[in-house]
Structures are given as C-alpha cells and as structure tokens.
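Please arrange chain Z on chain B, whose structure you already have, making use of the hints.
As a plain string of letters, each chain reads:
Number of protein chains: 2
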Amino acid sequence: MINVAILGYGTVGAGVYRVLNMNRETIARRTGEEIYVKYVLDLREFPGDPTQEVLTHDYNDILSDPEVKIVVETMGGLRPAYMFTKQALEAGKSVCTSNKELVAEHGLELRDVAKANNVNYLFEASCGGGIPIIHALDNALTADEIDAMTGILNGTTNYILTQMAVENEDFAEALKGAQKNGYAELHPEADIEGWDACRKIAILSSLAYGKYISYKNVYTEGITNIDTLDIAYAKALGLKIKLLAASKRTESGTWAMVAPRLVDKSNMLYHVEGVLNAVYVHGNALGDCILYGSGAGSLPTASAVAGDVISAARNHGRPLPSDWSDEVLELLPIDEVRNTFFVRFSGSEEEAEAAFSTIDAVRIPEAEGEFGFFTAELSEKEFREMADKSGKVIKAIRRA
Amino acid sequence: MINVAILGYGTVGAGVYRVLNMNRETIARRTGEEIYVKYVLDLREFPGDPTQEVLTHDYNDILSDPEVKIVVETMGGLRPAYMFTKQALEAGKSVCTSNKELVAEHGLELRDVAKANNVNYLFEASCGGGIPIIHALDNALTADEIDAMTGILNGTTNYILTQMAVENEDFAEALKGAQKNGYAELHPEADIEGWDACRKIAILSSLAYGKYISYKNVYTEGITNIDTLDIAYAKALGLKIKLLAASKRTESGTWAMVAPRLVDKSNMLYHVEGVLNAVYVHGNALGDCILYGSGAGSLPTASAVAGDVISAARNHGRPLPSDWSDEVLELLPIDEVRNTFFVRFSGSEEEAEAAFSTIDAVRIPEAEGEFGFFTAELSEKEFREMADKSGKVIKAIRRA
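The listed protein sequences correspond, in order, to chains B and Z.
Count the first sequence with the working numbering and you get residues 1 to 400, in order.
Count the second sequence with the working numbering and you get residues 1 to 400, in order.
Chain B with its partners taken away, still in its complex shape (with noise of 0.2 Å):
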C-alpha cells in the first residue's frame, strides 16, 4: 500500500481525492499496489465530508510520516506551496502538483531537489488539464527535435472568444457570463491578460527544447483588447481569434509569445471551443501533433494528478528522466519576431499603401471610417515603425 497526502481541499484536492477512490480497483491493479489517502492538508474543518476524518492542519503531521511516500500540492500560489513542496522533496516523498504558478517559478529547482533525493517532481496537470502533452514529451516525443509549439492553454479566454464569437457578445457580458459559469474566477487578471497561459507555454517548451525558459521573458498579450468588431472582422475573413500560447525555434533565435490571434479552418485549433484546451507540437521526424481535452475542471485536472501519483509510486526511489536543464534559452528579442499583422485602419486607402505598401481592403458594414488589411510578414518593430508612421492604425491582430 502507498499512503499520500493531499495538500488543499479545494477543486483539484478534492477531484483528486474522489478519483483515486472513485477507480481504487483499476487504479491499485496499475500500480501494482493499493493507494491511500492517509492525510488531507486544510485549514477550514468538512464536518460531514469523507475526508474529515483524514484531516490535518498542521503539514508536520505529514512531513513526519515516513508512511507517506507521495505530496500531492494542489494548493496553488508560491506560498506556503514552495517550502511544503521543498520540505517534501528533501523528506524523500514524491510531489504531484497542479500549481502551474510554482512549476514555472520554481519548478527547475523542485525537479533538481528531487533529483537529488531520489524522488519525483511531476506536474502533468500545469499545462493543459487532463492532456498528457508533459508525458508525451518527456516518454514519448523523445526521439525528435521539438521546434515549434503552438497552445490554447487557457480554457477561461477560449470560452470568452468562442461567447464573442457565436453568442455575439462583448467581452465584458462573455467574461460575466464565464464567472457565472464557474470558468472565470472573481479576479481574472491571470486569465484574461495571458499570464496563465504564458506559465504553460514557458514550461512546456522549456521541457520541449531541453533548456530553461522563463516565463518572464515571454512577450504576452491577453484578450481584453478585443472588442465585437475584431469578431466581425474575423467572420468576414472566415477566420477566428484564439489566445495562442506559441513559441519556434527559427534560424535567427527561438520566440515564444502569447497574444490573440486570427486562425483559420485548416488549422485544428480553428475548431477548438469552449473551454477546451489543445497543444499543437511539430517534430523534425513526428511532423504535426495535436493533443485536446480539458484544460481545466476539477476531474479532468485531478486525472493528470492521480496519474502523476500512480507515476511516482511505479518508480518510487527513482526519478524519472527529464529533458529541461539548467541552461537557459536566451530568446529572440520580440522586436525581431516576424508576423502577419491584420491591421484596422483609420485613414484612406492611399494612406495606408503609403505606410505598407500594397494592401487589399477588407470592409464590413459593422465597421463605419474604417477598414481592414493584412499586411506582408514584418518583425515586430518594422511593423510598429510603420504603424507609428502611418498615425492612423486602430489596432493590428497577428495571424497564426
């Protein structure tokens, strides 16, 4: 029998707990041995719940138990998160986590602890939920060289863009009817600005490319810029705005980037709805890859962890390979990233072919004094040095 400890009883904690009890029967046969939940880390008290009688306040309880070989943190944040996963780590437990702010702070020097303690850090359920895209690139996608990734990370954005797009409404009765619905949370700044999905992205190709990328040299742009007409745009040109995570290694650097972009039909992420996540990865031998499913939620997100906690009781005393190093990736500057930019425009025709050269107009009778373009594919700063010239570009949206 394996004894774990559940850090937060909150959605995930909670998921977590019914799932390893809702399939303890498939779940032990896997593992080849039963696994229990021994204690429950929360501060509030769940008279009535099953798991009040496994309840514990004080993390010593846990940290003291050489009975408890697995943490699972499901608490989020940096704190007390850090120093419970840390002292876990060094106490010879393994720790499965869903707290993507911590893997992407601190997950390079968790995972290096645990090494070094013969344990495992696992974190499949930061990025994407219940996708195994983390399994999938440390186990799987091994024999190729990852070079480009392209994610719909965020589950509460692509519900408020899919709203946008089919319900017709604006951000702000999309974002209401999000926190209505249990896919926004009360303060959605992290959400909706792209920090949540620029967390993923710097983990995942940090994993994808072997080196360390930090989450605070990702350029990210969110989605409360976009407004109905950018949708109408978008419908006009048969196209629709996701919040793409993205990063590619080119010849002149690797980028990473997080912003609303135009998609198209052809590409698979075009039929991403809702809250539904998906990763996109190409491999020099695999080619295209897409991995969809939940982002979120409580059952699917708890899924990656319990398959993180049968993972670590498989390979207890032994840390699973890893491919993300100490060495950081040094990203191309954002200036220097190329992109096609769909710019709406304030000034005439003329003015805009002055600034951009050729353009072909777009115009939608929603959208009065103004119209539409894609321009050729510029780097960031000729585009902006142009727009600049120009005076009169409303907005630019990049294309995927």
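You may find that some hints are simply not true.
As the list makes no split between identical chains, a pair holds if one copy fits it or if it spans any two.
[Claimed, not checked] Okay, derived cross-link-like pairs now, DSS-like style, lysine-lysine, Cα gap no bigger than 30 Å in a straight line:
{"#": "1", "residue 1": "Lys235", "residue 2": "Lys265"}
{"#": "2", "residue 1": "Lys395", "residue 2": "Lys38"}
{"#": "3", "residue 1": "Lys392", "residue 2": "Lys381"}
{"#": "4", "residue 1": "Lys392", "residue 2": "Lys235"}
{"#": "5", "residue 1": "Lys216", "residue 2": "Lys395"}
By construction, these hints were calculated from the structure, which means they are not laboratory data.
Just chain Z now, kept in the frame of chain B:
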C-alpha cells in the same frame, strides 16, 4: 553507448536509421547515453548507402552479439518477425516494433516473454504512427476508467474518403490516386477492407480496458462499398463519412467495431483529413481527449519507434508497466450493438414508415428512385430484421 540492430531496411526501418542519426545529439542527451546502430538486417544489398557497412544477412550475428541491447523490428508480417522477436527477447534484448500484425496476433505473449526476461517489448508505432497514444494509455491516462475509444486509424482509407468528398472522385479513382501517391499498397485489401484499423483498435482497446481483445472478434467493414451517392447524401446532410474504429463499454457489455460512419462537424474527427490519424479517448475523470497526427509515413512512424528505443534504453533490465492482461474480454455479440443508421431506400415513404416507424426523408438530385433517412437507435439485429422485412433497403451507414 547502447547498441541497436534494425531488422528490415524498408520504409520504416530506414526511417528509424535516419532519425537515430539525424537527432543523435538530442537523443543521447535525453537517453543519457549514445545510441548506435551496430547492425541492419536485410536480404538485400544497399551499395552506396551508409548502412552497407553495418549490413548483415544473418540474424545470428545480431542474436549472438551480447553488445546489442535493443532490436528494432520493422520487417512487418508474422514470419519471420515473430520468431526473431521471441528469440531476441529470450536473449535479453528489448524489442521495439511498428508491426501491428504481429502485435495484434502475438503481442500479449511477446510482452509476457519480455517480462520474463526482464526486458521490454514496445510497440508505440503499431497504432497511429507518430501519435503517442500507447504511451498515453500505459503511462499518463492511468488513473481513469477508459470507457470509449474511437479512432481514424488508417491513413489510406481516410485519404480515399477525403478525395471522394473533396475532389468528387469515385472509389476506384481515389484508390488509384492513393496508390500513385504512395498512400496505398498495390494489394490494398488490409487497408480498404478495414483489417488494419481492426488490428489497431483491438490493440488499443486491450491496453485501455486492461483485458485481452482478439482482433478476430472485432466486427469489421471496410470502405469498398462506399459510392459517390453515399458521399453526396453525407454532403447534403453536412456530414462526412469516416472509417471509424471504435470500442465502448456499455451497461450491457463492451463492443468493438470498424465501419464507415457519418460524422458531424461538432466531432473533432470530422476535421481529420487526408492521411492523418486521430484517436478519441473518453475517461470517467479525464472526459474527452483526442490525440491527432501522422498515422503513417517513414519519419513519423520512425519517430515513434525511436522514442521506444529511448524508453528501452532508459529502462534496460526493467520491464515497463502495462495494463494488458491475459484475461479475455468477451465482446458483446454484434447483433446486440446499438446504432443509428442512415438508410438509402428504394421504396416509397409509406413503405419506409411501415418498416421503420416514422421517418424524415432526405432527397438529393443525384439519387433517382431512392431517398434516405435516419432510423431510431436500434440493435444491429433489429435493424437487419426491419431492413429484410421491407426488402427495399439499398444500403445503410451507421452514424458516429
């Protein structure tokens, strides 16, 4: 350094050789050791090819060389692949393969032989080419009760159906084009009759459900019967015809079936075109998950085989866990499987109503003297009896 031998220098074998060399450095970093191809076994000579130096025509050279720790079997077919694989495993060498016939026929036994000899028999490439579905089932989605799988698992048939729908080709033209483009073999029966997809869904379902499903018990229809009128009806209905290999656990039992089906836009499999493959998996915690990518081709398949080589190297002397047991999973008799059928009918609407209760007729200009309709959900037996009684059913295609 880990020494590897490749059996069979055909499309996939040559791809494995190429991937292991092309990505040598990255693979060495991820494996912790260099991987070196010491032998290539083939009956032919390859003058001028770099493998000529490591070429052998005698399997005993490989079998008796204790330095060879991993054997890549990319010969295909049962003979001599089965014997060679068994001998390698018994000699303490792990075997990585793309050979779905062999895995479907003897995979369970060979995995047991591997286990008994403390080595691995790995076959990621046998299902879905480069798509890491087997790794996902064995290692990541382990906390779930998987209760349904549906795959587009054969690129040849998906290419033919795509050509029929997009280019308005008939079956014979589309098949000829597939052969010309190297997407179909000269003897294409295994693909177009559904046998290839059948083997793959048997393997995947066995791994997912943790019991043994023989491909021989999987009801299988191919696409040779699909004509241009079927495609025209599908288009009129906003649907596509896809060859789906599916299995499902229901309250009355587990069924598995390969058949062309009508798929609607809201299903991601609708958007899988050409030679691409995809597998949908549903877990009781995970919810919906889809893995999508190149199901065939030299490099994508080689990517999966080479990924297995890395797993075998990382886990030398340590059989990896897998939930594929000897216990046979008795499938629900096909007669009892329930489906909704799209019926092409040559009688009157009254005759159709008499046989199938209410119907909602669909007429297309291309189809004279007939019309189509969907039935209610029926067991296969109920449907057959109704169809026989009416005597006017031209053809039926199941709905996804």
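For each hint, the structure was consulted:
Taking the shortest Cα distances, Lys235 and Lys265 sit within 30 Å of each other both inside one copy (11 Å) and across copies (18 Å). In this homomeric assembly, Lys395 and Lys38 never come within 30 Å of each other (Cα to Cα): the closest approach is 55 Å inside a single copy and 59 Å across copies. Taking CA atoms no more than 30 Å apart as the test, Lys392 paired with Lys381 passes inside one copy only; the shortest distance there is 17 Å, against 68 Å between copies. When the C-alpha separation of Lys392 and Lys235 is checked against a cutoff of 30 Å, the pair qualifies only within one copy, where the shortest distance is 23 Å, while the shortest distance between copies is 45 Å.
Within a single copy, Lys216 and Lys395 get their C-alpha atoms as close as 25 Å, which meets the 30 Å cut-off; across copies the closest is 60 Å, which misses it.
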